[in-house]
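K.L.:
Listed in order, the protein sequences are those of chains G and Z. Quick note: the first sequence uses the working numbering, first residue 1, plus one each step. Quick note: the second sequence uses the working numbering, first residue 1, plus one each step.
Hints are computed from structural coordinates only; laboratory data are not their basis. All C-beta atoms, glycine included, are put in the ideal place defined by N, C-alpha and C. Check each hint, because a few of them may be wrong.
[To be verified] Rough simulated footprint, nothing fancy, chain Z against chain G, three-plus residues with beta-carbon under 8 Å:
1) 24-37
2) 104-111
[Claimed, not checked] Pairwise CB distance ranges, derived in the manner of DEER restraints:
3) G:I163 / Z:I144: 38 to 44 Å
4) Z:K126 / G:I163: 24 to 30 Å
5) G:I97 / Z:A78: 31 to 37 Å
6) Z:K346 / G:Y162: 17 to 23 Å
7) Z:A191 / G:V143: 57 to 63 Å
8) Z:T331 / G:F45: 46 to 52 Å
9) G:I32 / Z:D58: 24 to 30 Å
10) Z:L6 / G:I163: 49 to 55 Å
11) G:L154 / Z:A78: 31 to 37 Å
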Amino acid sequence: MLFYIFAILAIVSGAYMVLTRNLLYAGFSLLIVLLSIAGIYVLLFADFIAVTQLMVYVGGVLVLILFGIMLSSRVHDKSVLSENVNTVWGTLIAGLIVVGLSYSILKANISSLPWLQTTELNVLGDQKSTVQTIGIKLMTDFVLPFEIASLLLLIALMGAAYIATDKQKV
Amino acid sequence: MLAFVLTLVLLLSIVIVLAYAERKVAAFMQDRLGPTEAGPYGSLQSVLDVLKLLQKEDIVPAAADKSLFKLAPILIFAAVFAGFAVIPFTPDLVPAGIGIGVFYLLAIISLDVVGLLMAGWGSNNKYAMLGAMRSVAQIVSYEIPAGLAILSAVMVCQSLDFQEISYQQGALMNQFPGLEYEMNWLFGIEALGINTTTIGGITTWNIFRAPILLISFIIYFIASLAESNRAPFDIPEAESELVAGFHVEYSGFRFAVLFLAEYSMMVLVSLVAVILFLGSWNTPLPNIGPVSLAYWTTGTVGEVSSILWGGFWLLSKTFVLLFLQLQIRWTYPRLRVDQLMHLCWKVLTPIALGVVLIAGIWRLLMI
Chain G
1 MLFYIFAILA IVSGAYMVLT RNLLYAGFSL LIVLLSIAGI YVLLFADFIA VTQLMVYVGG
61 VLVLILFGIM LSSRVHDKSV LSENVNTVWG TLIAGLIVVG LSYSILKANI SSLPWLQTTE
121 LNVLGDQKST VQTIGIKLMT DFVLPFEIAS LLLLIALMGA AYIATDKQKV
Chain Z
1 MLAFVLTLVL LLSIVIVLAY AERKVAAFMQ DRLGPTEAGP YGSLQSVLDV LKLLQKEDIV
61 PAAADKSLFK LAPILIFAAV FAGFAVIPFT PDLVPAGIGI GVFYLLAIIS LDVVGLLMAG
121 WGSNNKYAML GAMRSVAQIV SYEIPAGLAI LSAVMVCQSL DFQEISYQQG ALMNQFPGLE
181 YEMNWLFGIE ALGINTTTIG GITTWNIFRA PILLISFIIY FIASLAESNR APFDIPEAES
241 ELVAGFHVEY SGFRFAVLFL AEYSMMVLVS LVAVILFLGS WNTPLPNIGP VSLAYWTTGT
301 VGEVSSILWG GFWLLSKTFV LLFLQLQIRW TYPRLRVDQL MHLCWKVLTP IALGVVLIAG
361 IWRLLMI
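Next up, chain G with everything else stripped away, as it sits in the complex (with noise of 0.2 Å):
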């Protein structure tokens, strides 16, 4: 049930984000859509991924979006709108991508997987929350791509700082 609500208003947002013309109103429905997408990981016993999105994208890619926004909406005193273009190839090919989806999952037969029918449905267990096993995984099965990681996210605000420098005129 509770899951039917959410993926409403993250379907509804969704749709209205992309079809309104105001920047700003896009952006303020995402925000719903980000929220409801927390909603629905909390009902997949995955609060820590909630959590972080919650953090990352509300707290940051979204003010950072929202700032953006209202420091370029009037540009020559005129308010930007998101404009439509390339409309017949858009649609179609978010139409193929939405049959390509539909015709696998519904291929897939999810239900019948065998690793779906031997799980308990208690996934935590004794745990309290999912934080430790994402701990020690990340330490040590997935240690290289959590390095590469940082490494990148390093090189961005290394890039970053690059930019925002005033350069000296020789």
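With the hints as your guide, set chain Z onto chain G.
P.N.:
Only chain Z this time, still in chain G's reference frame:
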């Protein structure tokens, strides 16, 4: 549902007391009397202020973005109030004891920022817009030293659960499921060989258990002033420059909600500071030999005595921090924007990073 109502009532009464205290503290620090007319010593002043605000006309500016303007106060208050869900008030009373409470709190507070932007933009007023921009820039930057300071406490406690962190800082530690065989040592150094597990009191508070956390407590406290837009970091509301910042267009009930959200934020950050660093609901009095002061002033878990003692200690420590916030407000002048950023990025963040490193090493001494 009961927890919701209880927390709301508790919060409202704390905020009313706080608003009165603010005026009285300000008055005494400036050698004035403050409110004196309403009730004994003017103690009904803030109640009457609220009543007045509720009666006022609800003005929505004609040029404002109406839906955003109306939604913003609700979102701001909801974000702050949602943070109270994970705060343990007594040893066995916590509205929602989730395992990643600390992380959840940090994330849900960031929703507040979106509400501020909404209010600033929806007002369609240049002062409101500038105030919201400043406020958001300040909150987003100060989240980093605050987060690092919290991280060092979490590293020492090895838990993201507020209730588990609370139990670790008192004589009741071994009663928490999962901590039955844990030990507390004086200053957290096992090599000293002084076991404080059953002594409790102030010797097991986090700032005492790992003295490096005293520095991170100070960093957190400074950053939390900035996060709740309090002086000396109140440039978003700088009266002399911006009239009133992001809430300049709000009146009546909507203003009351924004005001409530701001004061709730003060209460919330003080509560978090108390829980993470100052021993949560644990008593400051240690057990000394046969005089088991800690047990006498804690009560038995699951009975009324523990609820009363726990609530008493938690709230009195919170009020001490709140008083400190008021005192700082009336002592220090406002920082400039560049000084604010200098303090955050060049002073607090490097120190906080160092503290995180030392806290990790300290944790190794503790086991």
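K.L.:
Checked against the structure, which of the hints given earlier come out wrong?
P.N.:
Structure breaks hints 2, 3 and 7.
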